[in-house]
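In order, the protein sequences belong to chains A and B. So for the first sequence, my numbering puts the first residue at 1; every next one is plus one. So for the second sequence, my numbering puts the first residue at 1001; every next one is plus one.
List time: in silico DSSO-like cross-link candidates among lysine-lysine, alpha-carbon distance up to 27 Å: (1) Lys-29/A with Lys-79/A; (2) Lys-49/A with Lys-1064/B; (3) Lys-1064/B with Lys-108/A.
I should point out that these hints are in silico values taken from the structure, not numbers from a laboratory. If you're wondering where the values come from, they're calculated on a predicted model, not measured in any experiment.
These are the residues of each chain, in order.
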Amino acid sequence: MNLSDILNFQLLPKSNSVMELLSLNEKTKEQGLVLTPDDIKTLVVFRNKVLRDYARVELGIEVLQELIKVFSSSPYMEKDHYVDTLNELQEIFYYLRNETEDKVEDIKLIMKMNDYFNGSCAGSVELLRSKMEELAENFKKDMMCLDSLFEGDESAWD
Amino acid sequence: MGLDNTQDCSRSVSNIIIDRSRLKRNNYILSLLQEGQRVGAITSKKAYQIQGEIMQVLQQLIRKYTQGKSTSVTSETAEDIMVSLIYAMDVYVLHFNNPEEAIVHLNFESIKDIHAKGVELLRQYYEDAKQLYQEMKKID
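Whenever a hint applies, use it, and build me the whole structure from the sequences.
Quick look at the structure:
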């Protein structure tokens, strides 16, 4: 049974999901960032690959939508690398999703990534990846501590 | 939600002949779907619709599992939820007197209802088992 292939969003050119992603251009074009239908295809194909690589199943495209909404307003997001950066961000997100063992909400992970991206990483995806690996490592250490087991695991992500 | 809706479909049962050797105790409902299609009691269109409905219920259960805080789960979690979904549906279709009757219900009941009725049956079986256990303890 390969639920990953069955449940993960399959790309249909005029599906609601594609139209929803295209509609985000209305907001992001203010920053000069616009996705073409081909760009969306690239993003979704990459998303499905990452989900498969990380052995995850996703029901909708909310994460990709949120990544576009949040990161398009970053002063470091460059038009020429928009799609590549979004793909990198997708990979970092699902890496974090797995490493935090589903104990942190999607939106908190995205906001944490955004804070670092716009802060100490100054728009560097490589640096962001490294910082998120550190965070994930610390999260796992905290998880092993008795205190963190009883006091809630999400506090560091607030 | 009543568990007994057999009145409307009783006359259709006699038209279906299922090869019981093709049915599997585990994943009973899936083998029933296959056998139903083989003997022409379930159309391929209906089977496709049922598969779609199973996926819809699975999606609802996954959303319930994440409490809306995440849109994704590990494949392992999704498969575990799928197994529990199939298990509950199996319990419902197995409670009929014969597979022919179960197939008729597969044709006119929604998967959402079949799953919900399976869960309700499991709850009843659990309560019955608890009661039996208490009675057994009294005998000791």
